[in-house]
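Protein chains: 2
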Amino acid sequence: MSPIAVFDRPLTSVDLTIFSVARETLQVLLVRRSGAPEEPFPEVWALPGGFVDLRQDADLEHCALRKLREKTGVVAPDLEKVGSWGSAVRDPRGWSVTTVYLALIAAGGTALAAGGNAADARWWPIEGSRVRERLAFDHGEILKAAIARLRNKVEYTSLPAFLLTPEFTLTELQQMYEVVLGRTLEKKAFRTRMLATDLLEEVPRMKEGRSRPAQLYRLANRRRPVFFARTFSPRD
Amino acid sequence: MSPIAVFDRPLTSVDLTIFSVARETLQVLLVRRSGAPEEPFPEVWALPGGFVDLRQDADLEHCALRKLREKTGVVAPDLEKVGSWGSAVRDPRGWSVTTVYLALIAAGGTALAAGGNAADARWWPIEGSRVRERLAFDHGEILKAAIARLRNKVEYTSLPAFLLTPEFTLTELQQMYEVVLGRTLEKKAFRTRMLATDLLEEVPRMKEGRSRPAQLYRLANRRRPVFFARTFSPRD
Numbered sequence: 001m002s003p004i005a006v007f008d009r010p011l012t013s014v015d016l017t018i019f020s021v022a023r024e025t026l027q028v029l030l031v032r033r034s035g036a037p038e039e040p041f042p043e044v045w046a047l048p049g050g051f052v053d054l055r056q057d058a059d060l061e062h063c064a065l066r067k068l069r070e071k072t073g074v075v076a077p078d079l080e081k082v083g084s085w086g087s088a089v090r091d092p093r094g095w096s097v098t099t100v101y102l103a104l105i106a107a108g109g110t111a112l113a114a115g116g117n118a119a120d121a122r123w124w125p126i127e128g129s130r131v132r133e134r135l136a137f138d139h140g141e142i143l144k145a146a147i148a149r150l151r152n153k154v155e156y157t158s159l160p161a162f163l164l165t166p167e168f169t170l171t172e173l174q175q176m177y178e179v180v181l182g183r184t185l186e187k188k189a190f191r192t193r194m195l196a197t198d199l200l201e202e203v204p205r206m207k208e209g210r211s212r213p214a215q216l217y218r219l220a221n222r223r224r225p226v227f228f229a230r231t232f233s234p235r236d
Numbered sequence: 237m238s239p240i241a242v243f244d245r246p247l248t249s250v251d252l253t254i255f256s257v258a259r260e261t262l263q264v265l266l267v268r269r270s271g272a273p274e275e276p277f278p279e280v281w282a283l284p285g286g287f288v289d290l291r292q293d294a295d296l297e298h299c300a301l302r303k304l305r306e307k308t309g310v311v312a313p314d315l316e317k318v319g320s321w322g323s324a325v326r327d328p329r330g331w332s333v334t335t336v337y338l339a340l341i342a343a344g345g346t347a348l349a350a351g352g353n354a355a356d357a358r359w360w361p362i363e364g365s366r367v368r369e370r371l372a373f374d375h376g377e378i379l380k381a382a383i384a385r386l387r388n389k390v391e392y393t394s395l396p397a398f399l400l401t402p403e404f405t406l407t408e409l410q411q412m413y414e415v416v417l418g419r420t421l422e423k424k425a426f427r428t429r430m431l432a433t434d435l436l437e438e439v440p441r442m443k444e445g446r447s448r449p450a451q452l453y454r455l456a457n458r459r460r461p462v463f464f465a466r467t468f469s470p471r472d
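Protein sequence lines, in the order shown, are assigned to chains R and A.
For what it's worth, the numbering used here labels the leading residue of the first sequence as 1, then goes sequentially.
For what it's worth, the numbering used here labels the leading residue of the second sequence as 237, then goes sequentially.
For the record, the hints were derived by calculation from the structure and aren't laboratory data.
Do not take every clue at face value.
[Unchecked claim] Computed cross-link-like contacts, DSSO-like style, restricted to lysine-lysine with a CA-CA straight-line distance of at most 27 Å:
1) R:K144 x A:K389
2) R:K153 x A:K443
3) A:K389 x R:K81
4) A:K317 x R:K144
5) R:K188 x A:K424
6) R:K81 x A:K317
Here the structure is a predicted model, which means the values were calculated and not measured.
The shape of chain R in the complex, shown without the other chains (with noise of 0.2 Å):
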């Protein structure tokens, strides 16, 4: 008998943060809660997430790809911490802590499935969609951390050239990184900082179409993304 009495043990959940680019617009994955009147916010959007299995999930992030899967249809290779939240206010039921999981990941080709307490789920803007004002418990400002830890996670890392095609130009690669970090950047400095890491390489093609052909670019490494060096010396 463990020294803690049980009547002493807060709810325990994950909830997942899966960020994805789709029509040049930041995503996120949501599930509906289901309409049922004795669970706390009946039909409303919520993150994709619930309660620990003791007897089934190894450990949380075992418990986070389980419930992903089983509400979403997505499966995500990497799961990023976020967090956790916990409070005695933060959901109806009682004294709860959700931990909190994050992955950016290519939307094409993804099944979106409905299922268990999620009876729909689909991908939402960030931008403009006000989404995140009206989702249930404190997913809001759960969702508000986890694009900021994207964000800040993103501009030292390749993962946005894994949401491209194989090869890409250095425009597009721009575009993509735009997209995800929400704003714009300067093309030289961009350009510059991604020749001089040994993130791309060269294809022997160029890109034609309407515009003056452009050189063609791939990852040198698709398997996972690099981490970019972050120095305190100025690149020269």
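Dock chain A against chain R, hints included.
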């Protein structure tokens, strides 16, 4: 009554990674666990922390500040979330989740108190002591992640300057960054970058000593650490 049975709830705790600098080394605050044989890891060093008290704690951060104060006497101003660790095996008492916080504080004048489960509390140097490999539970892994987070964070904030006396030279400031980051920095780039921010104000005084007189600076804002701009642009 909650739809989630109480036996389905994990043990829920908080742990703290509190860092400081003393004798020119980065140190972490640890407590020695009680020697009671019914407790796991008797007399082993561990991060300060403990179980959430659902009646006493309004939220996780409140719980963390309370545990820190009770077990070590330390009052930390701002805590940052590092993440949570939860699994079936990390605590021999059962499925458990811990939420981890981080702070970097000035060590001088901080009285360490013994109390509660912690028979003893002291600062341990990060480098050389190999203490990380001998910590209770998964605290070695947690400490490793917290050090990485601290170093990542510090690189972009004025936080290390808060560990210095109110007036300092650029050499003293660089040394403090080097101790916290665990590596040497290039002098000219460090100075260029520091003076390019609005972080520092010149004091109308020089530091006199055995070496030649050096300009003294102070923080323009001593209330909160300032984040440096992060941009794609190379710094001029």
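Hints, one by one, checked against the model:
Taking the CA atoms of K144 (chain R) and K389 (chain A), the gap is near 19 Å; set against the 27 Å cutoff, the hint holds. As the CA atoms of K153 (chain R) and K443 (chain A) are separated by approximately 40 Å, the hinted pair breaks the 27 Å bound. Distance check on the hinted pair: K389 (chain A) and K81 (chain R) sit about 16 Å apart at the alpha-carbon level, within 27 Å; holds. Among the hinted pairs, K317 (chain A) with K144 (chain R) is consistent with the structure: their alpha-carbon atoms are about 15 Å apart, no more than 27 Å.
Distance check on the hinted pair: K188 (chain R) and K424 (chain A) sit about 25 Å apart at the alpha-carbon level, within 27 Å; holds. Distance check on the hinted pair: K81 (chain R) and K317 (chain A) sit about 10 Å apart at the alpha-carbon level, within 27 Å; holds.
Checked against the numbered hints given earlier, the structure breaks only hint 2 and satisfies all the rest.
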